[in-house]
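Q: These protein sequence lines map, in sequence, to chains A and B. Under my numbering, the letters of the first sequence match residues 1 to 108, in that order. Under my numbering, the letters of the second sequence match residues 1 to 115, in that order.
Keep in mind that the hints were calculated from the coordinates and are not lab data. Here a beta-carbon is modelled for each residue, glycine too, at the ideal position from N, C-alpha and C. There's no promise every hint is true.
Not close to chain A: a few residues of chain B, all C-beta gaps over 12 Å, as computed [as the list claims (entries may be wrong)]:
#1 Pro8
#2 Ile12
#3 Gly16
#4 Ser27
#5 Arg30
#6 Ser51
#7 Asn59
#8 Pro61
#9 Gly62
#10 Arg63
#11 Ser65
#12 Glu75
#13 Leu83
#14 Gly107
#15 Leu115
Dumping the calculated DSS-like pairs for lysine-lysine here, alpha-carbon to alpha-carbon at most 27 Å [as the list claims (entries may be wrong)]:
#16 A/Lys42 to B/Lys13
#17 B/Lys1 to A/Lys57
#18 B/Lys1 to A/Lys59
#19 B/Lys57 to A/Lys42
#20 B/Lys1 to A/Lys42
#21 A/Lys63 to B/Lys1
Residues from chain B that face chain A, not an exhaustive set, calculated with beta carbons under 10 Å [what the hints assert, rightly or not]:
#22 Glu48
#23 Ala92
#24 Pro95
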Amino acid sequence: EDQVTQSPEALRLQEGESSSLNCSYTVSGLRGLFWYRQDPGKGPEFLFTLYSAGEEKEKERLKATLTKKESFLHITAPKPEDSATYLCAVQGGFGLIFGQGTELSVKP
Amino acid sequence: KAGVTQTPRYLIKTRGQQVTLSCSPISGHRSVSWYQQTPGQGLQFLFEYFSETQRNKGNFPGRFSGRQFSNSRSEMNVSTLELGDSALYLCASSPNLRGHQETQYFGPGTRLLVL
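Just chain A, with the same shape it has in the complex (with noise of 0.2 Å):
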């Protein structure tokens, strides 16, 4: 069975204080791998998409990874506007299959 299972469920850090998200998976032929931002009462943002392993993306203080069987979310220096939901998602046989997602909060 397709799963995804994101650690931790919440995180606190301190502004500038570089931490990372993890996002295990099992997937029957991986079509994808897919982070999004989650901002609260509105609708996932698009981050990052990873097709294979070794595979790596960055889009400012974020960087994302990807292996056989994981992927990761660097947070490199993060600031307060970096709180947010993290969700993790693959594409598996019938839409996309998404973890429960990590509550980031960034403190000043």
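With the hints as your guide, set chain B onto chain A.
A: Then chain B, alone, in the frame of chain A:
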């Protein structure tokens, strides 16, 4: 380019009623998917439409249905509403240029409250 739009943004209904939600995809996008988001279950796939045809369907009862029009706009309908249908309903569109699912871009969602 305008993003995915959804109407209405908020809706309050009572049990037993039915509701119709609307989604306009990004211009040029041909695939539209619908998701339900609740605090307990997270984001769950409802169905996907491409070229006016339902291509995939998630594990939801038949009370949940949808359709897509020739301009790619989509609607979803929920009949005989239950309290558990209270959720954020999200629409996502993708170009679907290569015959398989690509990155999906989400709209702001419709918040449905069933009393």
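Q: Measuring from the C-beta of B/Glu48 to each C-beta in chain A, is the shortest one below 10 Å?
A: holds, 6 Å
Q: Just checking, B/Ser27 versus chain A, shortest CB gap more than 12 Å?
A: Holds, because the least Cβ-Cβ distance between B/Ser27 and chain A comes to about 17 Å, which exceeds 12 Å.
Q: Given the hinted pair B/Lys1 and A/Lys57, is their alpha-carbon gap at most 27 Å?
A: holds, 23 Å
Q: Grab the minimum beta-carbon distance between B/Asn59 and chain A and tell me whether it stays above 12 Å.
A: With a cut-off of 12 Å, B/Asn59 comes too close to chain A, as the shortest Cβ separation is near 9 Å.
Q: Check the non-interface label on B/Ser65: least C-beta distance to chain A beyond 12 Å or not.
A: holds, 16 Å
Q: Measure nothing beyond the straight line between the CA atoms of B/Lys1 and A/Lys59; if it is 27 Å or shorter, mark the hint as holding.
A: Holds - the C-alpha atoms of A/Lys59 and B/Lys1 are around 20 Å apart, at most 27 Å.
Q: Say whether it holds or is violated: B/Ser51 keeps its Cβ farther than 12 Å from all Cβ of chain A.
A: holds, 17 Å
Q: Does B/Ala92 pass the interface hint, meaning its C-beta sits closer than 10 Å to a C-beta of chain A?
A: Since the shortest Cβ distance to chain A is 8 Å, the answer is holds.
Q: Classify the label on B/Leu115 as holds or violated, using whether its beta-carbon is more than 12 Å from each beta-carbon of chain A.
A: For B/Leu115, whose nearest Cβ neighbour in chain A is about 20 Å away, the distance exceeds 12 Å, so it holds.
Q: Quick one, are A/Lys42 and B/Lys13 close enough, alpha carbons at most 27 Å?
A: holds, 21 Å
Q: The output says B/Gly62 does not contact chain A. Does that hold with a beta carbon cutoff of 12 Å?
A: holds, 16 Å
Q: CA of B/Lys1 to CA of A/Lys42, is that 27 Å or under?
A: holds, 19 Å
Comparing the model with each earlier hint shows violations of hints 7, 14 and 24; every other hint is respected.
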